[in-house]
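Number of protein chains: 8
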Amino acid sequence: MDLSQIEKLLRAYQRGEFDTTEAARQIRNLHYEDIGYARVDHSRSTRQGFPEVVFGPGKTRSQIVGIVERLVQKSPNIIVTHTDEGTFGEVRNVVTDAEWHESARLIRIQRDHTERGVGAIAVVSAGTSDIPVAEEAALTAEAMGNRVERVWDVGVAGIHRVLAERELLQRARVVIVVAGMEGALPSVVGGLVGVPVVAVPTSIGYGASFGGVAALLGMLNSCASNVSVVNIDNGFGAGFVASLINRRSEVLD
Amino acid sequence: MDLSQIEKLLRAYQRGEFDTTEAARQIRNLHYEDIGYARVDHSRSTRQGFPEVVFGPGKTRSQIVGIVERLVQKSPNIIVTHTDEGTFGEVRNVVTDAEWHESARLIRIQRDHTERGVGAIAVVSAGTSDIPVAEEAALTAEAMGNRVERVWDVGVAGIHRVLAERELLQRARVVIVVAGMEGALPSVVGGLVGVPVVAVPTSIGYGASFGGVAALLGMLNSCASNVSVVNIDNGFGAGFVASLINRRSEVLD
Amino acid sequence: MDLSQIEKLLRAYQRGEFDTTEAARQIRNLHYEDIGYARVDHSRSTRQGFPEVVFGPGKTRSQIVGIVERLVQKSPNIIVTHTDEGTFGEVRNVVTDAEWHESARLIRIQRDHTERGVGAIAVVSAGTSDIPVAEEAALTAEAMGNRVERVWDVGVAGIHRVLAERELLQRARVVIVVAGMEGALPSVVGGLVGVPVVAVPTSIGYGASFGGVAALLGMLNSCASNVSVVNIDNGFGAGFVASLINRRSEVLD
Amino acid sequence: MDLSQIEKLLRAYQRGEFDTTEAARQIRNLHYEDIGYARVDHSRSTRQGFPEVVFGPGKTRSQIVGIVERLVQKSPNIIVTHTDEGTFGEVRNVVTDAEWHESARLIRIQRDHTERGVGAIAVVSAGTSDIPVAEEAALTAEAMGNRVERVWDVGVAGIHRVLAERELLQRARVVIVVAGMEGALPSVVGGLVGVPVVAVPTSIGYGASFGGVAALLGMLNSCASNVSVVNIDNGFGAGFVASLINRRSEVLD
Amino acid sequence: MDLSQIEKLLRAYQRGEFDTTEAARQIRNLHYEDIGYARVDHSRSTRQGFPEVVFGPGKTRSQIVGIVERLVQKSPNIIVTHTDEGTFGEVRNVVTDAEWHESARLIRIQRDHTERGVGAIAVVSAGTSDIPVAEEAALTAEAMGNRVERVWDVGVAGIHRVLAERELLQRARVVIVVAGMEGALPSVVGGLVGVPVVAVPTSIGYGASFGGVAALLGMLNSCASNVSVVNIDNGFGAGFVASLINRRSEVLD
Amino acid sequence: MDLSQIEKLLRAYQRGEFDTTEAARQIRNLHYEDIGYARVDHSRSTRQGFPEVVFGPGKTRSQIVGIVERLVQKSPNIIVTHTDEGTFGEVRNVVTDAEWHESARLIRIQRDHTERGVGAIAVVSAGTSDIPVAEEAALTAEAMGNRVERVWDVGVAGIHRVLAERELLQRARVVIVVAGMEGALPSVVGGLVGVPVVAVPTSIGYGASFGGVAALLGMLNSCASNVSVVNIDNGFGAGFVASLINRRSEVLD
Amino acid sequence: MDLSQIEKLLRAYQRGEFDTTEAARQIRNLHYEDIGYARVDHSRSTRQGFPEVVFGPGKTRSQIVGIVERLVQKSPNIIVTHTDEGTFGEVRNVVTDAEWHESARLIRIQRDHTERGVGAIAVVSAGTSDIPVAEEAALTAEAMGNRVERVWDVGVAGIHRVLAERELLQRARVVIVVAGMEGALPSVVGGLVGVPVVAVPTSIGYGASFGGVAALLGMLNSCASNVSVVNIDNGFGAGFVASLINRRSEVLD
Amino acid sequence: MDLSQIEKLLRAYQRGEFDTTEAARQIRNLHYEDIGYARVDHSRSTRQGFPEVVFGPGKTRSQIVGIVERLVQKSPNIIVTHTDEGTFGEVRNVVTDAEWHESARLIRIQRDHTERGVGAIAVVSAGTSDIPVAEEAALTAEAMGNRVERVWDVGVAGIHRVLAERELLQRARVVIVVAGMEGALPSVVGGLVGVPVVAVPTSIGYGASFGGVAALLGMLNSCASNVSVVNIDNGFGAGFVASLINRRSEVLD
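Protein chains in written order, with the working numbering: chain S, 1 to 253; chain Z, 1 to 253; chain R, 1 to 253; chain B, 1 to 253; chain D, 1 to 253; chain V, 1 to 253; chain F, 1 to 253; chain L, 1 to 253.
Hints may be right or wrong, so weigh each one.
What the hints assert, rightly or not - Selected chain L positions facing chain F (Cβ under 10 Å, derived; list incomplete):
no.	residue
1	V94
2	V95
3	T96
4	T114
5	A199
6	L220
7	C223
8	A238
If you are wondering where the hints come from, they were derived from the structure by calculation, not from laboratory data. Cβ coordinates follow ideal geometry from the N, Cα and C atoms, glycine included.
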């Protein structure tokens with residue numbers, strides 16, 4: 001709720017367009033559409049430059065289709081994460097330009113391709129198995145108007161692989177590093193660059209990786225000071241945060 | 001075992017209706033029916049105003065049907081939780097007015113609709129994915145004689161959504177708040193109302209949500225003093241506790 | 001922020017008492033006093049019938065004294081938890097009727113003794129070592145206008161001890177059960193009474209009690225449906241929740 | 001390796017029946033049969049009055065059949081745990097008197113029915129869902145020559161149910177208590193009897209039961225001093241330990 | 001509450017010695033002495049052949065002295081665990097024959113030295129550092145009328161040390177094994193003997209021993225079927241359970 | 001190691017200033033000063049616009065003084081975290097303009113006050129007890145050339161407190177949110193602003209806060225997409241990351 | 001990157017074969033082949049005497065085939081772990097001499113059979129269920145040029161079984177010990193031999209084995225000083241480490 | 001117990017030097033000295049080329065002195081770990097050439113300086129704060145006859161520091177890597193060398209380092225195949241294992 005909206009309401013009220021009860025109600029009933037099982041949040045786009053992402057698990061297919069239908073009326077770019085091809089089929093029935101990204105298991109609708117970033121976002125994966133999460137981050141960043149550089153399979157046990165990409169990394173405005181197992185790559189990359197590193201632990205590994213906990217802890221304890229962390233397998237979140245870091249000042253205002 | 005029952009037995013004994021051995025046995029053999037695999041507890045209804053709920057997992061379908069058959073003879077309202085539609089089919093064969101609630105995966109038999117509450121119980125869900133657990137709470141509260149207000153999808157990342165429902169929340173005698181992921185909603189709601197908040201963490205989330213542990217810990221550490229917590233995904237328990245909080249004094253006595 | 005307050009402001013605004021900017025500011029600047037290191041929340045008392053409790057750890061003594069000084073001007077009853085006798089000494093210098101409760105390590109100021117409860121609150125401890133936490137709950141409930149019945153040392157390994165108090169427990173409007181080690185007492189008490197049970201795990205125990213985790217998990221998994229749980233050693237929270245459950249309807253309104 | 005066997009070997013050696021190398025080898029090569037994927041331990045029966053139990057998981061069906069075939073030549077009573085009906089079918093092809101116990105998912109061969117116990121072993125389950133594990137304990141105890149009393153569904157939330165069985169429990173030489181969820185029953189039973197209680201946590205529950213961890217911790221922290229604990233769902237182990245406790249002195253020697 | 005006591009009360013009641021109310025009260029008010037902060041349990045001795053042990057932590061010194069004073073009037077042998085020499089000094093002021101055991105940090109009063117065991121109890125420690133816990137077990141077993149064999153420092157990394165004691169171990173009626181670090185000794189001892197093994201994990205170790213958790217998990221997962229487990233550092237519990245296992249039938253009845 | 005440095009070395013080599021062996025060694029021996037117990041990293045300043053922070057724990061006072069002495073020769077601004085006043089005393093002996101910040105337990109040397117940020121960094125604390133960590137973040141951000149807005153004690157249980165600061169928060173280029181207990185504040189703030197939120201869990205709390213784990217998990221599972229997280233109590237890291245986000249493009253290049 | 005390679009490049013550069021830019025690029029672009037989804041690391045073979053192993057999970061079948069195709073051109077021996085028979089079928093289409101090892105679920109290509117070890121590697125399994133992991137270790141060690149001695153099913157509960165193999169174990173240059181459940185076998189073996197023991201915990205077990213955590217902790221806390229540990233179920237890693245320990249000096253150089 | 005010793009005993013027995021009972025006893029009573037609270041293991045030196053290390057915690061000073069006194073009679077080199085200077089004072093009273101190592105908190109007696117290694121052992125620490133554990137490893141390796149290269153403070157956030165030492169690392173026969181926080185250094189070093197890496201996690205760090213758990217998990221999940229791991233802070237164990245890896249063949253035999 002921004003001040004200008006309240007002031008506008010107050011002036012209408014002062015002009016006698018509403019009575020006191022209605023004015024109070026309008027001030028409090030902020031901007032979302034209630035469709036029963038969800039409150040579709042149309043003000044988020046104003047606040048963050050992007051519509052609400054739809055998190056798939058726990059929702060029925062028809063709920064997802066319903067939410068997407070509402071969002072698409074107000075917002076050019078939409079992402080559905082952690083979903084499946086069947087849901088995509090139903091979404092495409094109502095939104096024909098929806099795209100399916102198999103590796104990331106993600107539906108994307110992208111009608112606006114304006115570039116909004118200061119520089120590039122580098123997305124780095126430690127291993128081949130981490131690519132799906134890295135791809136989720138990259139697709140999100142692109143949907144939010146960024147140029148993305150993908151760097152796959154440069155894990156620390158062959159340190160020369162990441163060193164060979166140092167120049168590319170040092171040109172980026174922000175780096176996303178995606179790694180499972182011991183999650184050591186963000187520390188190494190963090191030491192190579194002078195920009196923020198957004199670290200994404202993945203659930204890749206077995207035994208004492210505990211579904212990504214080892215990588216998560218490694219990243220939280222990074223000895224590189226420029227590393228912050230998002231949830232295990234949360235490629236979307238990393239892409240979102242990196243996009244806001246990279247956003248041009250005039251877009252933010 | 002209430003005193004009046006013992007006294008009644010003692011008087012019968014004093015009148016010589018039982019010998020000493022039989023009197024001692026009757027005092028100890030309290031009120032339940034042993035059907036081999038279960039001791040169906042007919043005294044619980046007296047004690048708590050509600051029959052034993054049937055927790056589905058680990059029981060065969062025929063065990064569940066058998067238990068329901070006994071309960072239904074003494075008790076008008078019964079709930080079977082964490083069950084499936086196949087079990088419901090078998091229950092309906094013997095109890096034709098049983099209802100199936102798909103979202104909550106719950107069988108309900110409700111023959112008594114007396115209202116027993118002082119006020120309304122508000123049931124609030126943070127996200128669309130949390131609705132099944134919230135619905136379990138709401139259905140339980142209704143079965144126990146309460147008026148229920150459902151408020152879905154008002155999670156804290158769009159704080160205006162819950163603020164818009166403040167009035168409804170402040171009218172309730174008790175609020176149930178159901179949330180997964182970071183489980184922050186009970187703290188916010190707790191700060192808005194002056195009544196008890198029963199918080200239910202859900203297993204919705206992924207990665208470091210650890211099947212609901214993140215939400216559970218968030219709720220246990222709530223900085224709002226009026227919050228107490230039940231087990232992860234335990235909508236039934238929340239509905240039960242809230243019903244007892246809302247119960248009219250004359251019903252409790 | 002309740003509707004009547006907004007409406008009052010709007011009318012003053014309509015009468016021209018404030019300009020638009022000031023009206024918008026007042027609507028948003030809600031009720032608290034900013035003293036630099038804390039925002040003392042004077043609206044909480046209106047909302048919950050009790051002033052903000054002061055949680056001691058991490059605050060300097062002079063911060064605690066400063067906060068208490070502000071609170072005492074608006075609120076007759078105040079509690080400082082997890083504190084020490086030295087802090088009490090400094091508080092008493094400025095609030096001479098403050099009381100020190102050694103066992104619970106709690107400062108209480110109680111100037112209002114109005115009874116606000118429907119019935120009594122029973123506070124039950126499993127062992128002698130659990131008394132400090134139970135006492136914190138009892139002192140809180142008394143400060144909030146309740147009659148409290150204390151029942152100490154009735155743990156489940158001598159089940160006859162709690163059975164002997166059944167009558168007392170069954171007369172209460174709500175029961176607080178405080179237990180460490182395996183935390184089994186709330187389940188047993190929950191089965192004996194037909195009112196809500198607020199369970200408080202304590203950190204009493206050693207080895208695999210893990211500082212109260214064993215008791216906490218036991219209580220969260222209680223097979224008694226009328227049990228809800230607060231944080232480990234959170235006697236204050238249990239006393240607070242129980243007080244709201246016991247509150248007379250006319251007080252809540 | 002018992003002393004008498006070494007002495008016998010030494011005498012044969014002294015009589016010149018073996019040379020020094022062979023004698024040393026025989027002393028060290030103790031009593032088992034190597035069948036490639038397993039060393040079937042024929043000395044265990046001598047040492048513990050029972051053949052090696054076969055733990056199913058991780059073994060192929062033909063490995064299980066092979067091991068059973070060897071064991072059955074030396075030992076009248078055999079148990080295969082955590083197995084399935086398909087494996088049973090293959091075992092019965094070679095051992096026609098093998099029995100399948102569906103609830104416990106256990107194969108039992110019992111040719112020797114000698115009673116070896118001082119008294120009875122009571123096996124108690126907290127809920128209906130805990131019966132499979134309790135049944136595994138009971139079947140094991142019977143196979144080891146004990147009289148077993150089964151007491152099902154006497155969980156602590158209806159404390160009168162277990163109190164009603166106090167007499168039966170107090171007559172047993174040892175009590176096995178099987179419980180999931182909060183695992184409180186062993187403490188209550190432990191307080192009622194003056195004999196050892198062997199507690200078995202089960203994985204029954206959900207959410208913060210963490211697959212039986214809540215019950216396990218509850219039992220390890222039992223305030224009853226006569227409780228010891230075996231692994232989650234380890235009905236076999238409890239039956240085994242209880243059998244050794246109940247064993248007559250002349251059998252032990 | 002045993003049946004004979006109820007029957008006796010009932011007969012007195014039938015003879016008119018009490019009225020109905022008094023009879024009901026007496027039946028329910030079972031056997032303990034309420035001293036405010038504790039309910040001293042005089043019936044436990046009848047039920048388990050031993051008075052309530054006093055667990056020190058969380059009790060003030062004067063509470064411990066008070067409890068011991070009451071217990072000593074009815075019971076010849078008493079143990080206070082997890083205590084300190086200062087408390088011992090105060091206990092000795094009122095019970096002059098109390099003994100202080102520095103290593104186990106335990107106060108013992110032992111006036112009755114009757115032997116109640118079938119055989120000996122072997123108490124085995126894996127390392128020198130585990131002796132305090134092992135000593136707590138041994139002192140408890142002695143106080144409960146058992147002959148104890150101590151076997152110190154025979155951990156599995158020098159397997160010949162425990163093998164050298166095999167004969168002693170095989171003569172015992174029950175073996176207590178106390179081990180920290182990896183907690184492997186109970187499995188080895190369990191394989192050597194045909195009697196129950198009570199395993200006690202200790203908090204000895206560092207790093208990934210997690211205060212005894214590694215040893216505890218090792219023991220719960222023992223591949224020897226005759227092992228049951230008590231809490232970390234719970235020497236008392238192991239001594240208690242072992243004493244009940246070793247108890248002569250005529251003592252149990 | 002940047003390309004221009006290698007090229008410069010190669011040219012010197014080509015001119016014959018070094019032989020081949022020496023050239024290879026120089027290429028590999030990169031930029032740090034070895035003082036025995038530490039390799040002081042003078043190239044970090046070039047890479048990240050800030051000297052190496054000194055993490056106090058595990059280092060002796062004289063090691064800290066030694067490291068600071070080397071750093072101060074090349075770098076105008078230095079921070080020592082998690083340290084104490086005694087160490088500060090020794091540092092001030094050699095660097096007289098060092099400042100001691102008691103609340104944050106941090107030594108700061110700040111000789112360069114150039115502003116390098118695009119906008120302001122808002123630092124928000126949920127409670128008074130979280131101020132020390134928040135202060136560490138704020139001091140770090142200032143040392144790195146940023147304008148900082150401090151907002152203390154606006155936790156979610158009194159949601160109006162943070163709403164009242166919405167305007168200030170919405171003007172910042174990046175927001176740091178510091179919270180203990182349930183760690184819910186970053187989600188609420190994340191929903192209010194359209195810039196990156198760097199969340200810092202603190203170890204404030206007790207019981208099931210597990211030293212900050214509850215807050216950490218809450219933040220990792222935030223339903224606000226613009227939140228990334230640093231380690232528990234890592235105010236320094238948050239200040240560092242936020243400074244890089246806020247850095248002007250011309251400073252980054 | 002070894003010095004001799006740099007020196008060779010530098011000489012070519014000095015001879016004018018490259019310009020400065022190209023020389024710098026070549027020094028940094030180290031040895032791997034980029035195939036889009038993976039950087040196949042041809043320098044690892046030089047560094048460690050073995051090609052990169054292919055870890056199956058998270059990779060598509062065509063990715064695995066693609067990686068194997070590249071590796072096989074430079075390296076005679078290759079291993080794919082944690083894979084399935086379907087993948088093997090596709091690999092065999094392009095590499096006809098690939099072998100499928102069902103128990104270990106591993107594809108092996110072995111064209112070079114040179115022996116590179118000083119002595120034998122003993123691979124020991126505690127139980128029959130641990131054989132798949134043990135077999136993965138043994139197959140790896142063979143592929144790396146070692147003679148392997150397999151010793152199956154010698155768990156500690158029948159200590160005579162491992163004692164009987166002492167001689168074989170004492171002849172080995174390094175021993176791999178594979179165990180699930182309590183993971184005690186490495187400590188016992190460690191005490192019997194004077195060479196390094198590489199311990200592999202397996203996920204065999206149930207309940208409190210927590211998927212191998214109990215065994216892992218047991219091994220990390222081993223009281224035998226010659227034990228080091230690899231990840232749960234990581235037979236490959238153990239075979240690899242053991243091969244390097246056993247490697248002849250002339251092979252290492 | 002080696003075969004030759006048994007054969008010698010058997011021959012003496014055959015010559016009639018012992019009777020049968022005595023021979024059997026001698027075969028079983030293997031090589032250690034029982035001093036009451038400890039069994040000093042004189043055969044370990046034969047088995048592993050090194051006397052039993054004395055682990056300090058949980059032992060009284062006089063116990064440590066007593067154990068050292070016995071060991072010193074048979075073994076030239078002894079280490080006491082995790083001890084303090086006071087204990088050192090008492091040890092030096094009886095063993096005047098004992099050395100105190102403050103950083104590692106370790107007592108060393110080293111009378112034999114024979115070199116037993118094939119090559120050098122490199123000991124690497126990630127940070128200055130990790131030096132005490134690294135020093136414990138280095139001192140152990142020296143005491144076992146190895147040449148040690150110390151490389152301090154080369155953590156991964158400044159990757160050029162470890163790359164600068166590549167040559168030194170590649171010359172070693174085995175590398176010990178000691179790291180706290182995220183524990184990433186062993187993976188990087190593992191990728192640089194072709195020999196075994198023994199990784200030691202340290203408890204250095206705070207917050208989500210959980211006393212070394214983050215580093216431990218990082219190392220167990222290392223993507224470098226040549227890494228094995230010992231317990232948190234177990235410098236001694238790493239030094240021991242590395243010494244056995246480096247041992248010359250003729251010493252092992």
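Checked hints:
Interface hint status for L/V94: violated, as the beta-carbon distance to the closest one in chain F is roughly 24 Å, over 10 Å. Here the hint on L/V95 is broken, as its CB sits about 21 Å from the closest CB of chain F, past 10 Å. Interface restraint check: L/T96 against chain F, minimum CB-CB distance 26 Å, threshold 10 Å, status violated. Because the smallest distance between the Cβ of L/T114 and any Cβ of chain F comes to about 16 Å, over 10 Å, the interface hint for this residue is violated.
Of the supplied interface hints, the one on L/A199 holds, with its beta-carbon coming within about 8 Å of a beta-carbon of chain F, less than 10 Å. Against a cut-off of 10 Å between C-beta atoms, the interface hint on L/L220 holds, since the closest Cβ of chain F lies about 5 Å away. The restraint placing L/C223 at the interface with chain F holds, with a minimum CB-CB distance near 8 Å, inside the 10 Å limit. For L/A238, the interface hint holds, since its Cβ comes within 10 Å of a Cβ in chain F; the closest pair sits about 8 Å apart.
Going through the hint list in order, the structure does not satisfy hints 1, 2, 3 and 4.
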